[in-house]
Amino acid sequence: MRSCIGILLRLPARDLISMKRVCKTWKEFIDSREFARAHLKSWKSRFEIILFQGVFPALDFVSLDIRTNTHHQLPLRKLVDETSAIILDSLDGLILFGVPSSGNKLYVCNPLTQKLKLLGLIEEFRTFYKLVFDSALQKYKVIGFCYQYLVSSKYWVLILDDDEEVKPPVWREVESRFWHCLRVEFAAVLVTGFLCWIAHTITENREDREVYIQTMDIVGEEFKHKIKLPIQSTDNYSIGCKLLQMENVEGCLCVAIPESQTELGIWILEDWNEPSWIKKYNICHDPELGKPLHFSKRFSILYVMDAYDSEKVKFIVKIHGELYSYSLKCPNPRETCEGFPKFTYVPSLMRWD
Amino acid sequence: MAIMYALKSSDNEIFEVEQKVIEQSETIKKMIEDGAATGEIPLQVSSKTLAKVLEWCKQRQHKTVENENDDNKGKRKKERDEDDDIKEWENKFSDELKADKDVLFDLLLASNYLDLPALLSFLCQLVADMVAGKMPEEIRRMFNIENDFTPEEEKAITAEHGWAFQP
Chain A
1 MRSCIGILLR LPARDLISMK RVCKTWKEFI DSREFARAHL KSWKSRFEII LFQGVFPALD
61 FVSLDIRTNT HHQLPLRKLV DETSAIILDS LDGLILFGVP SSGNKLYVCN PLTQKLKLLG
121 LIEEFRTFYK LVFDSALQKY KVIGFCYQYL VSSKYWVLIL DDDEEVKPPV WREVESRFWH
181 CLRVEFAAVL VTGFLCWIAH TITENREDRE VYIQTMDIVG EEFKHKIKLP IQSTDNYSIG
241 CKLLQMENVE GCLCVAIPES QTELGIWILE DWNEPSWIKK YNICHDPELG KPLHFSKRFS
301 ILYVMDAYDS EKVKFIVKIH GELYSYSLKC PNPRETCEGF PKFTYVPSLM RWD
Chain B
1 MAIMYALKSS DNEIFEVEQK VIEQSETIKK MIEDGAATGE IPLQVSSKTL AKVLEWCKQR
61 QHKTVENEND DNKGKRKKER DEDDDIKEWE NKFSDELKAD KDVLFDLLLA SNYLDLPALL
121 SFLCQLVADM VAGKMPEEIR RMFNIENDFT PEEEKAITAE HGWAFQP
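Residue numbers (this note's numbering), protein chains in the order written: chain A, 1 to 353; chain B, 1 to 167.
Just so you know, the hints here were simulated from the structure itself, not pulled from any lab data.
Just so you know, even glycine gets a beta-carbon here, dropped at the ideal spot from N, CA and C.
Do not rely on the hints blindly, as some may be mistaken.
Stated by the list, open to error - In silico contact screen, one side only, chain B against chain A (beta carbon under 10 Å); selected entries:
1. T27
2. M31
3. I32
4. F93
5. E96
6. S111
7. N112
8. Q125
9. V131
10. A132
11. G133
12. D148
13. T158
Turn these sequences into a full structure, and let the hints guide you.
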């Protein structure tokens with residue numbers, strides 16, 4: 001049995017779906033929660049990138065496996081039988097998405113196991129949604145944030161539960177005032193139980209603003225750290241242009257800061273309590289390799305690590321809707337692909353109940 | 001002079017092996033430590049499979065000894081060459097196993113029984129690569145598994161995951 005488990009754990013999640021048809025023992029095994037968790041753990045670093053592809057009206061989501069360069073459909077529209085869907089977040093193989101065409105319904109699904117749950121409606125006053133995992137409850141939660149410029153903001157929490165009732169779960173208002181201004185383009189990253197985002201103090205004078213990273217403890221549902229950035233605003237090219245990007249790199253908080261038009265610094269947070277950053281990578285663009293890459297344009301960075309070969313660490317950078325990939329071994333060559341990437345996705349058998 | 005041990009396969013063949021090589025197996029290591037291993041060590045593994053196990057262990061042992069003797073100078077290049085050698089050896093080893101599935105599965109069981117985690121993980125990956133993308137029918141044949149689903153049950157699973165089964 002141990003060798004059987006060993007084999008199944010090494011199979012991609014998509015293959016496991018058809019393995020369920022082999023026999024009852026295998027099906028039972030693959031369906032178990034423990035297996036789903038163990039499988040996710042060993043495949044977590046092999047995530048794919050969700051792309052929005054196609055020509056109107058056939059727009060749909062596909063996920064791209066960078067290693068094999070294969071595309072897979074994410075049949076969200078089929079699941080809800082609607083013509084449009086917007087992905088709001090993706091975590092552990094689960095996808096949080098909204099359907100604007102049907103009164104802004106909010107759903108969570110696992111596209112692989114085709115489990116779907118209606119969570120209610122996307123309310124106007126809840127601007128951003130994040131899918132998180134509460135390690136104390138051992139349950140997934142959705143946090144809805146409100147963005148209101150210069151006004152105290154709020155956030156709500158909803159716990160994903162196993163009840164199979166038709167009735168959607170209930171939102172709970174947690175904090176009614178917080179004075180951390182969220183950026184209009186809210187991008188929060190989940191790192192070791194904390195949700196982190198870039199915020200700034202509210203001052204009359206824009207120059208006096210302090211930009212920092214705000215964290216929120218997922219379990220305690222309260223604000224925790226206020227972390228200074230590795231580079232301070234006045235002298236840096238990027239902070240003025242608000243071009244910071246955050247990522248979770250091997251369980252560490254990482255900030256990508258453009259340092260000039262052709263240079264991107266990747267900083268890793270080493271200590272949370274006494275914030276200390278180290279600059280771990282530096283991505284330079286070599287202008288001899290075709291079209292120059294300007295980090296002055298809006299970009300987002302997605303990180304991909306090869307668990308089997310650390311030499312093949314790759315950064316996937318998105319600029320102007322195009323994907324560029326940088327391998328650390330040979331930092332310059334890049335590949336591009338079509339579509340608009342925003343989220344990473346790990347095909348998994350995880351469930352929220 | 002290296003300490004040698006005699007391993008006895010289930011079909012009574014004797015293999016003389018250095019202690020260092022065979023101590024990679026946690027099971028045998030424990031037997032030696034417990035003092036249960038005076039004279040021949042009887043194992044529930046066929047001679048054909050045991051020969052393969054030892055082939056693997058010797059290769060691994062070879063690798064560790066060489067690394068210990070290296071000084072730092074020129075080590076990187078040497079490591080790279082060695083990596084290539086190991087890759088080549090592993091490829092040959094897996095090709096032989098792929099050609100003879102009975103040995104492969106016996107070896108899988110043996111690596112579990114002898115507690116050889118590196119071999120177990122290597123073989124699991126090998127089988128996983130062979131299994132990936134195959135239809136359930138082929139897998140049943142491969143592993144000699146009986147289909148214990150009723151046609152209705154099978155239909156239900158297919159319906160549940162509809163699109164996933166489309167080629």
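Hint-by-hint comparison with the structure:
Interface hint status for T27 of chain B: violated, as the beta-carbon distance to the closest one in chain A is roughly 13 Å, over 10 Å. Restraint check, M31 of chain B versus chain A: the minimum CB separation of about 20 Å is more than 10 Å; hint violated. Hint status for I32 of chain B: violated, given a least beta-carbon distance of 23 Å to chain A, over 10 Å. Hint status for F93 of chain B relative to chain A: violated, with the closest Cβ pair at about 17 Å, above 10 Å.
Annotation: E96 of chain B was flagged as interfacial toward chain A, and the flag is violated, the nearest CB pair being 19 Å apart, outside 10 Å. Look at S111 of chain B: its Cβ gets to within about 8 Å of chain A, closer than 10 Å, so that hint holds up. Satisfaction of the interface hint for N112 of chain B is found here, the shortest Cβ-Cβ separation to chain A being roughly 5 Å, below the 10 Å cut-off. Using the Cβ-Cβ criterion of 10 Å, the hint placing Q125 of chain B at the interface with chain A is satisfied: the shortest such distance is roughly 5 Å.
Given the 10 Å rule on beta carbons, the hint for V131 of chain B holds: about 6 Å separates it from the nearest Cβ of chain A. For the restraint placing A132 of chain B at the interface with chain A, the shortest Cβ-Cβ distance is roughly 5 Å, inside the 10 Å limit, so the hint holds. Given the 10 Å rule on beta carbons, the hint for G133 of chain B holds: about 7 Å separates it from the nearest Cβ of chain A. With a least beta-carbon distance of about 5 Å to chain A, the hint placing D148 of chain B at the interface is held under the 10 Å criterion.
Interface restraint check: T158 of chain B against chain A, minimum CB-CB distance 7 Å, threshold 10 Å, status holds.
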